[in-house]
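Participant: Chains as they are written, first to last, in the working numbering: chain X, 1 to 413; chain C, 414 to 733; chain A, 734 to 961; chain V, 962 to 1189; chain G, 1190 to 1476; chain W, 1477 to 1763.
Since the hints were made in silico from the structure, they are not lab data.
Think of the CB as a built atom: it goes at the ideal place given N, C-alpha and C, for glycine as much as any other residue.
Do not rely on the hints blindly, as some may be mistaken.
In silico EDC-like links for lysine to aspartate or glutamate, alpha-carbon gap of 20 Å or less [said to hold, decoys possible]:
no.	chain 1	residue 1	chain 2	residue 2
1	G	K1465	V	D972
2	G	K1465	V	D1107
3	W	K1606	W	E1589
4	W	K1750	V	E1027
5	G	K1412	A	D744
6	A	K951	V	E1026
A partial selection of chain X residues facing chain W, derived with a Cβ cut-off under 10 Å [what the hints assert, rightly or not]:
no.	residue
7	F13
8	R14
9	N16
10	I402
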Amino acid sequence: MANADRIAGSDVFRPNLTGRHATGRFWQTAFLGATTVGILGLILLMLNIVNNAFGLVAYADGEDYLKYSPIPVEQLATSDLVVLLTNELSTGAINKLNAEQPLDTRSRSDLLALVFERILDREVVASSTLAEAVFNRQAFEADALAKNPDARFVFKSWVTTDFLTVPMSSQALFAGVRTAILGSLMLIGLTIAIALPIGTGAAIYLQEYADKSLINRIIETNIYNLAGVPSIVYGMLGLAVFVRVLEPLTSGAMFGATDTNGRTILSAALTMALLVLPVIIVNAQEALKAVPDSLRQAAYGVGATRWQTIWHHVLPQAIPGVLTGSILAVSRAIGETAPLIVIGASTFITADPSGPFSGFTALPIQIYNWTVQPQAEFRNLAGAAILVLLVLLLTLNASAIILRNRLSARRAN
Amino acid sequence: MTQALSSLPVTDPQDRHVDWAARLRRKPRPVETVVQGLLFLCGAISILTTLGILLVLGNESLAFFTDPEVNVFEFFTGTHWQPQTGDFGVWPLVNATLMTSAIAMVVAMPLGIFAAIYLSEYAAPRAKAILKPTLEILAGIPTVVFGFFALTFITPLLRSIFGEDTVQIYNNASAGLVMGLMIVPLIASMSEDALSAVPRTLREGAYGLGATKLETTVQVVLPAALSGLVAAFIIGVSRAVGETMIVAIAAGATSQLTFNPFEAAETITGHIARISGGDLSYGSLDYTSLFALALTLFVITLGLNLVSRWLVNRFREQYD
Amino acid sequence: MATTSHRLHFDQELHDLQDNLLRMASLVDSAIAHALQALADQDLDLARQIAIEDARINEIRFKIEEQCLLLIAREQPVATDLRAIVAALNIAGEIERMGDHAAGIAKTVLRMGVQAPIMPLIDLNRMADESRSMLRTALDACVKRDSELAQSVAWRDDVIDGLYQDVFRQIVGLIADDPAITTRAMYLLFAGHNLERIGDRCVNIAERVIFINSGTMKELSAGPDEHL
Amino acid sequence: MATTSHRLHFDQELHDLQDNLLRMASLVDSAIAHALQALADQDLDLARQIAIEDARINEIRFKIEEQCLLLIAREQPVATDLRAIVAALNIAGEIERMGDHAAGIAKTVLRMGVQAPIMPLIDLNRMADESRSMLRTALDACVKRDSELAQSVAWRDDVIDGLYQDVFRQIVGLIADDPAITTRAMYLLFAGHNLERIGDRCVNIAERVIFINSGTMKELSAGPDEHL
Amino acid sequence: MSNTPTLQKTIMTDSTRLKPLTTNAGTASEPSETAIAANHINIFYGAFKAIADVSMAVEARKITAIIGPSGCGKSTMLRAFNRMNDFVPTARVEGEILLHGQNLYAPGVDPVEVRRRVGMVFQKPNPFPKSIYDNIAWAARLNGYRGDMDKLVEESLRAAALWDEVKDKLKQSGLSLSGGQQQRLCIARTIAIRPEIILMDEPCSALDPIATIKIEELMQELKQRYTIIIVTHNMQQAARVSDRTAMMMLTEDGKRSGTLIEFDDTNVIFTRPKDKRTEDYVSGRFG
Amino acid sequence: MSNTPTLQKTIMTDSTRLKPLTTNAGTASEPSETAIAANHINIFYGAFKAIADVSMAVEARKITAIIGPSGCGKSTMLRAFNRMNDFVPTARVEGEILLHGQNLYAPGVDPVEVRRRVGMVFQKPNPFPKSIYDNIAWAARLNGYRGDMDKLVEESLRAAALWDEVKDKLKQSGLSLSGGQQQRLCIARTIAIRPEIILMDEPCSALDPIATIKIEELMQELKQRYTIIIVTHNMQQAARVSDRTAMMMLTEDGKRSGTLIEFDDTNVIFTRPKDKRTEDYVSGRFG
Ligand SMILES: Nc1ncnc2c1ncn2[C@@H]1O[C@H](COP(=O)(O)OP(=O)(O)OP(=O)(O)O)[C@@H](O)[C@H]1O
Ligand SMILES: Nc1ncnc2c1ncn2[C@@H]1O[C@H](COP(=O)(O)OP(=O)(O)OP(=O)(O)O)[C@@H](O)[C@H]1O
Ligand SMILES: [Mg+2]
Ligand SMILES: [Mg+2]
Ligand SMILES: O=P([O-])([O-])[O-]
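Only chain X is shown next, with the shape it has when bound in the complex:
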């Protein structure tokens, strides 16, 4: 500033702009750094999952294939595989398999898997991560061969269509997540069905009807606090109430089901519903709060009743917010593990869940179980299952966003 000294009184100020700008730049870097660390964490996490979901597998058969077939079983025709299985497995086992799906209608890969698993007793010798497979292949192969000189090596993607469509197995090579996916989907569907209407209703009550009476204030505070209660505590509640006390209802005994105890999808869904309810209510309340009061006044001012006002104006305005808030809350439930562990979701189950009263497993439970297994191949399975879970989650979130955009687009005109 050329004529700065002309300004009266400016001599009492020494702005030191250079220093201040330098400090500013330093801290800006720090802020950017923190953000980068956060993003980096996410990237590492993803890489780690991918790293585990793919890799080299060393496997060996417990039985030599030559005992059953002159050529490697992989080269057998589909019909030969059926014959092989029928011959080698016990009648009971064959009947059970046929009950699930008749052998002759099964796909070739399905049959091959059965042969490997049941007849050849194929097992993993060692399993590597993607990084190992790429950067450290020799060492890995040497290690594996040291364990089992018959080991054969294959590069495997642990996420395959088989992985998605076959049920659970104790053999890592043949394990799939179909039951877990179905369990998760049913659980989440039921949870939405229970929690969404109740949550929205409660939010409407609190936002539109409740005066400042004691009971309403208690409800509000209570909901806020419930939102902060750890999920495992809900698990305990579910265990004590839904699994034990309400067993006749949740096991389906009241409706004639006989084969299960209280550890059913219904129990889990009820628990999950209670868990997400406070969040849904708070979200829905926010959505309702965002509807300007002027809109209500407008409706009242032309002689509308309270419910007419809510139903015709407030809810349509709030519904995109309510729905997205709810779906996001519920989609979080799809990853919730602790309460399911507590109420005792089965960890090993091969049968698809058949309805609300059946026992079930869920994706996060599978992941947890595989993660805590000491063998490396189960980590690979966990990685694959995580990928599936994340995709499911992303789908739910994306659908929530699409839904919101659709609804708000419709509302705009």
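Starting from the known structure of chain X, arrange chains C, A, V, G and W with the ligands on it as the hints suggest.
Facilitator: Just chains C, A, V, G and W with the ligands, lined up with the frame of chain X:
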């Protein structure tokens, strides 16, 4: 205009035959009553939930504490938790819980707030439009995934840095660090909301007085958003304390009172998850002890929530 | 005011104000005519009628003043609107005083009673005709916001002044001839003076019209008492 | 205006406006005094001086009008403030016309030239004194917003009117005695007429003062031309 | 310009009747009909008395403005006329509001019905997020309108001086309009349910001067058929549009309740108010 | 009352000089000093030209009002004077703003320093959520103020006519004040860093009439030391407070850029504007 106006019928106030009292009389509206009742029931369910939690936890805890094998005093002061041997001292579990939470907050708080500041004050709109959802994706990732990450990445990393002898396979440090990473987006998101909620006019006021961006941010915007930041912190702590899967996977299954983060030590939540995951018979001491632990957890998190709410209200009063 | 105005209501009121000015002027116009007629015919009834009429004119003047006051208080006029209202205030005052002048002539008639005039009223009638015409033109200029028309009014005042000078000289002559008629002659002189003043006031109105348009007051005449 | 006002700035301006009115009145006051003096002493220089002074008074009048216009345009006055400003507009007009009357007398002096007066000016001087006093009282009432004081001004106008009647009769008598002085006598009569009109205008000012206070115009005199 | 009467023409006409100012409220001589009347109204928020003993008879087919300093209870008073205060849980009204002799606060009176008869236009334009058409049709339908809806919509929009601007886009959202248009839409919506009285709480305070003048012009049209009560902070607006003005102020007894201190023709209030406080307020002086 | 000059007294005094109206801007004869000047300013938001070729020389120690219809670029123009537009990423300024001959938009000029010299008061009062004391002390300290802080705070508050109202509660939050007090606090805060020019963007539009008049009175005080530029929607306000008025309007070439159409003494603008559009605008007519 006048033309149109006069063609529009209006209630004729001159009409002496109208019974105005009847016209204005209240009409019954059954729908209104029924709907309101139903909605109230929905709201009341939350009360039932709390009552349920209190009843269940209280009831079973009572059974636990009245068991001849258990000593309430020992529960709150004991330094050994060994159900098999009848040792029910909660401190090892609480200690591990606090340690993992503390590590988590040390990671999450600066990272979260710094990231929030960057997003809200510095990032160009386009960068923010990408970064914020990315962080929110991180917040939406199930905790079991973080547990997996802790066990399969952070633990090996720590071990390769500090040596396999120092760092056990299961350890609190790994669990805490990952928990911190998990909480970063939560805190960043909540803090960013709080910062963004500070009216633009306040920033303009500061700039208008010749403040630099940093001065505006740190000395004007941050204090104005303080209530939100504190709330974010406390919610973060509460989340860490109640977090189960990461510790269940990465922190280990040995309950021991240790202050070494590289050792395994089971947390409250981890213990509940591990024990309840197995087969246990209803009514056994193992079973009821879990409820006593859950009650402890519930009280801690409830306390944190109440404090956060109180703080938020207090600050809001001061600044509104 | 030719724009598409968004203050229709206000414009309507300005218009009403103008109408009221015109009505008032029209009353004064006939009052002058009647006054001269009464003077010519020694019509005492007509003269009395004019006095009554004058009271009404005064009343209208205060009504218009009140209208202006209300318009200022309620509509916060600025610029041309404000000048037009302030001008209306002034113009109403001028017209009212013209009415007083007509009434003054009428009173002269009453004072003189039924006596034959001491001289023919030719010049006085010409003064009256001229001043009435000036009044109409001035109001016309006002309605049309026509500065040139207003300017022309000012020039015409010279005619009246000239006539008045003639009347003055004539009367002095008459008195010199016959001092007995002094009082009556002076009454006639006052009638002339009144008409001269009416002309001056028309010039004042014209000045206000130019003021409305230009925003500045410009004196078109050197003042009313130039010839006294 | 005795309240703690929150429009100090505006009040200051109203005050300035009042001051300007007072200044203008004070100029007119001395103009009247000088006019009578010039008449008595046949002081042509003084008479010319008054004419020059009158131009200044006219100027001030338009300045005050502009002030009023600005105040209305800029401050949106209502109620008493507005009435005071509109009254100021009117009062400035009245004072200006008083100045004209004083100038009228001065012109009479110039027309008559250095001739001895045809009669003693006692009555005219009394009229002048009375009208000057009325002017002061009227302005005082205006400043003090004192309706009673204003009322008293109106009553005093009768004194002036009475004096004017006397002057009129005296002059008619003088002309009857000596028709040769008719012209000069008429000039004197016009001087009296001017003073009489000054009195009327003081009454008008008084009316405005009452208007400021009460909000309604009440005519305190039956009009200026009662005696013509 | 060409049809402006000039002196020449005027002189021809006999009528020398003074044209009254159209803003002039009916003079006292004209018998005035009361549309709605407050009778010793007290309004409380909890223990706080916001309105103390206000009585006022609002004349039919006139615009009545309520003015007064902030917080003196103008909005509270206005909302008492159609029981909008019912939505404030702590609010309590004592005294009577009489509409056709019926006390709106009598037990058994349906506030929903009251609000239909006494419509309201708010400070911020608040059209429903529906089409322009539905904004008007909704309320009419709600109140059981059985006639030709298209006609009603058109008439209401015409009455609100909005028809020409929107007739080609009735299906567009009401929110797509400008602020001033939105406010006129809200007025149209209110008109559509045929109230007798229209309450307006600072209807122009969110609008720019152009839109404000349009709404003011509209009000002048509307008062031919409706009784309008308007609350405004803007004294100039009250002066411009209203026929009658109610001046409210806080009592000076330390309780700070709002009370009516002067209620008269707007002409009187703005040129010669009787109360010193009114004078101070309208001339921008206080205290 | 007692010291009001009466005629008697006045006549005694010799001076018959006309008292000028104090609102009167300096007459043309008085040499005027330019405090800040815009020189062929164009402002763009992206490709949209919001301001087209505006030049205006703002006189020192005068109040300059910028008026004009909504959206004509008043705020944009005002914010150009202290580079507040820097915060709008799409905004771009062409032309010069000269402060003591120095172009504020020249490369190398530090906008932070510019904003200290050209202070700003905003539409909504925006005190910092700090104590009243710190609201003022903060910026002064930031800018390296070396003097007695208590004194500076007191002086600034006095200058903003707020001292008496807050002197006993300097430690209270600035947010605890009323709207009008908050706005005066913001003015005090600006004064404290001794700017030469104070920009005000509709500083009273969020305030009630009483608070508005107080701020207006304050501005009259301040102009003895500061140059003030105020944007206002309220024509009456511009008329009341300003010495000079700049009338802006959209160009009629379809591009809808804002431009300066008349810039003159406020007296002239409100009694005899030269431009027909100004006349229409100030008298509430448009079109
Ligand atoms: N819902 C409410 N609860 C409690 N007090 C209230 C409520 N609404 C208004 N008040 C109080 O009642 C008094 C009158 O308020 P009201 O809004 O009627 O005033 P107003 O004259 O309309 O003011 P403004 O001009 O600011 O709109 C105020 O003291 C206000 O604080
Ligand atoms: N940040 C921005 N980005 C893009 N365009 C803008 C921005 N700010 C303003 N404009 C546009 O620039 C033009 C001028 O806006 P500005 O806010 O300066 O007008 P204004 O005269 O202050 O209006 P108002 O009286 O409503 O405050 C408008 O057309 C506006 O839409
Ligand atoms: Mg209000
Ligand atoms: Mg703006
Ligand atoms: O009313 P005057 O003729 O004396 O000006």
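Participant: Hint by hint, say whether it matches the structure.
Facilitator: We went through each hint and held it up to the structure:
1. A hinted pair counts as satisfied when its Cα atoms are at most 20 Å apart, and K1465 (chain G) with D972 (chain V) qualifies at roughly 17 Å.
2. For the given pair, K1465 (chain G) sits about 17 Å from D1107 (chain V) by alpha-carbon distance, which is consistent with the 20 Å threshold.
3. Distance hint between K1606 (chain W) and E1589 (chain W) is unfulfilled; the C-alpha atoms sit about 23 Å from each other, more than 20 Å.
4. For the hint pairing K1750 (chain W) with E1027 (chain V), the CA-to-CA distance comes to about 17 Å; that is within 20 Å, so the pair holds.
5. Of the supplied pair hints, the one linking K1412 (chain G) and D744 (chain A) holds, its CA atoms being roughly 18 Å apart against a limit of 20 Å.
6. Taking the CA atoms of K951 (chain A) and E1026 (chain V), the gap is near 13 Å; set against the 20 Å cutoff, the hint holds.
7. Against a cut-off of 10 Å between C-beta atoms, the interface hint on F13 (chain X) holds, since the closest Cβ of chain W lies about 5 Å away.
8. Residue-level restraint check for R14 (chain X) holds (minimum Cβ-Cβ distance to chain W is 4 Å; threshold 10 Å).
9. Taking 10 Å as the C-beta contact cut-off toward chain W, the hint placing N16 (chain X) at the interface holds, the least distance being around 5 Å.
10. Residue-level restraint check for I402 (chain X) is violated (minimum Cβ-Cβ distance to chain W is 29 Å; threshold 10 Å).
Checked against the numbered hints given earlier, this structure breaks hints 3, 10; the rest are met.
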